[in-house]
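Put chain B on the given structure of chain A with help from the hints.
Chains as they are written, first to last, in the numbering used here: chain A, 1 to 227; chain B, 228 to 449.
Because the hints were derived from the structure by calculation, they are not lab data. For glycine and all other residues, C-beta sits at the position ideal for the given N, C-alpha and C. Heads up, a few of these hints could be off.
Just a few of them, taken from the derived set where beta-carbon distance is under 10 angstroms, the chain A residues facing chain B [unchecked claim]:
1. Val6
2. Pro7
3. Val9
4. Arg10
5. Leu14
6. Arg82
7. Leu153
8. Gly166
9. Phe175
10. Ile184
11. Ala185
12. Cys189
13. Ile212
14. Val213
15. Ala224
16. Thr226
So the derived label-pair ranges between C-beta atoms look like this [claimed, not checked]:
17. Thr402(B) x Tyr46(A): 54 to 60 angstroms
18. Asp130(A) x Glu400(B): 51 to 57 angstroms
19. Ala356(B) x Ile50(A): 48 to 54 angstroms
20. Val169(A) x Gly428(B): 28 to 34 angstroms
21. Asp288(B) x Ala26(A): 42 to 48 angstroms
22. Leu86(A) x Ala356(B): 19 to 25 angstroms
23. Leu86(A) x Met228(B): 33 to 39 angstroms
If you want the ones that stay clear, here's a sample from chain A, every Cβ over 12 angstroms from chain B, calculated [unchecked claim]:
24. Leu44
25. Val57
26. Asp83
27. Leu90
28. Val110
29. Val118
30. Val120
31. Leu156
32. Val169
33. Leu205
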Amino acid sequence: MSAHPVPFVRAVGLLVRTDLLLERRAPQLALAMGLFAAVAQVVLHYGADIPQPPVSVTVGSLWVTLLLATLLAVARVFNAERDEGLLDALVLAPIPRTAIWASKALAIGVLLVLMEVVAVPLSYLFLPADAPVPGLGTLLLALIAGNIGLAALGSLVAAVASAVRGREVMVPLLFLPAAVPLLIACLACSVNAADGDSVVRPLALVLLYDAIVGLLAYAVCEHALTD
Amino acid sequence: MLAAGSLLVLSTLLIALWVPTDRAEGFRQRIFYLHVPIALTSYVFLLLGAFFAARYLLRRDPLDDLRSYVAIHQGVILGTLVLISGPIWAKVSWGVWWDWSDKQLNTFLLVFLFYCAYFMLRFSVEEGARRERFSAIYALLGIGMIPLSLGAVHLAGTIHHPTVFHHDGAAMEDTMFLTFLVSWAAFLALAFALWRLELRGKLLAQGVQRLQRQLRGETVLP
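Here chain A stands alone, though its shape is the one from the complex (with noise of 0.2 angstroms):
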């Protein structure tokens, strides 16, 4: 028998609902996003200013602005159960209190995805003519690993800045050092892709990351979800 009367997915499932049912009423963050993803591009493009930029550059603002991005969905995905005192609500409903965890990552990555919708094509689109890219299947691989890791991060980060003071300013100071790992394992994974060189490095430290900041996230958000 279960510890708790509603099991782990069905809770999952539950919350992730709710929350993309509430994204889907009133899509502030989802477009946030997209738009974020698009500017981005546009200022990093002006920043570097290369006619001929190497595939380093064009691949890397790609992911510069991905992480960026997930700051948005970060800085916002726990404030309404913070501010409204929903958390306690949560926290005393018969589920696990690692499937609020489980599930603000997952709403993390629906939101990942949906930017990268809009993002992705961007980047190729601004890409010069005779361009070196990634191939489209590698750079989804590369994509749908970091956005574990960066959903798993960022949902024990977004629990955790949403309860101190000062907590926009404290998601980038928490999450960027962490996903800093991650960035350089995509980004080598995106490079290595478009110079034709093998993946299989860059993409199992990616894995790596996923497996260990998702384990140590699950074992510790109890502890930041308990007042």
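Coordinates of chain B only, in the frame set by chain A:
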């Protein structure tokens, strides 16, 4: 503290008078006996901080939180020294203050920035159980960040840093290796003595605060 002082004097004498001058790098290589032991000691104390953080989450003993905080504090102070001595070594050896292809220094920078955020987090939360829990969570995340940062920097850059420790042992003369070990023991002993001293200071400060509250007639939990 006496043992740490004696070891520091001994290691200084060994570095200045006994250890042979490196054939390739010359006199400037002697910074190795300070830079590398300080870096390794910093890692040891950051891991110690993560260990006490994990113990805090298991036992909820506020003393473990304090031990973890003080260990990370020592680790970050030593990390600052590494980030000062590293660029000095880079400047005299390679002619630049910072080299983005140097994997050890860049790994250290990532880990250092991660742990700097620990202090921002800690002092953004009111004193009490919530601060202790959040600090422990972030410190524990650091256990994953050290190997992941190392792996990521390995992927990103070429190996430029002189690497002396390989799988089959240390690529240096016995006298150099002995001097390195003495120097590392000295910095470990010094950091441990400072950790104990800071911990005692924090506990005394907490005791004084408790007495002040009692004198004001406030209820004080044991």
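Structure-based check of each hint:
no.: 1; hint: Val6; verdict: violated (25 angstroms)
no.: 2; hint: Pro7; verdict: violated (25 angstroms)
no.: 3; hint: Val9; verdict: violated (24 angstroms)
no.: 4; hint: Arg10; verdict: violated (26 angstroms)
no.: 5; hint: Leu14; verdict: violated (25 angstroms)
no.: 6; hint: Arg82; verdict: violated (12 angstroms)
no.: 7; hint: Leu153; verdict: holds (8 angstroms)
no.: 8; hint: Gly166; verdict: holds (6 angstroms)
no.: 9; hint: Phe175; verdict: holds (9 angstroms)
no.: 10; hint: Ile184; verdict: holds (4 angstroms)
no.: 11; hint: Ala185; verdict: holds (5 angstroms)
no.: 12; hint: Cys189; verdict: holds (9 angstroms)
no.: 13; hint: Ile212; verdict: holds (4 angstroms)
no.: 14; hint: Val213; verdict: holds (6 angstroms)
no.: 15; hint: Ala224; verdict: holds (6 angstroms)
no.: 16; hint: Thr226; verdict: holds (7 angstroms)
no.: 17; hint: Thr402(B) x Tyr46(A): 54 to 60 angstroms; verdict: holds (57 angstroms)
no.: 18; hint: Asp130(A) x Glu400(B): 51 to 57 angstroms; verdict: holds (53 angstroms)
no.: 19; hint: Ala356(B) x Ile50(A): 48 to 54 angstroms; verdict: holds (52 angstroms)
no.: 20; hint: Val169(A) x Gly428(B): 28 to 34 angstroms; verdict: holds (29 angstroms)
no.: 21; hint: Asp288(B) x Ala26(A): 42 to 48 angstroms; verdict: holds (45 angstroms)
no.: 22; hint: Leu86(A) x Ala356(B): 19 to 25 angstroms; verdict: holds (21 angstroms)
no.: 23; hint: Leu86(A) x Met228(B): 33 to 39 angstroms; verdict: violated (52 angstroms)
no.: 24; hint: Leu44; verdict: holds (19 angstroms)
no.: 25; hint: Val57; verdict: holds (14 angstroms)
no.: 26; hint: Asp83; verdict: holds (17 angstroms)
no.: 27; hint: Leu90; verdict: holds (17 angstroms)
no.: 28; hint: Val110; verdict: holds (24 angstroms)
no.: 29; hint: Val118; verdict: holds (27 angstroms)
no.: 30; hint: Val120; verdict: holds (22 angstroms)
no.: 31; hint: Leu156; verdict: violated (7 angstroms)
no.: 32; hint: Val169; verdict: violated (8 angstroms)
no.: 33; hint: Leu205; verdict: violated (5 angstroms)
Going through the hint list in order, the structure does not satisfy hints 1, 2, 3, 4, 5, 6, 23, 31, 32, 33.
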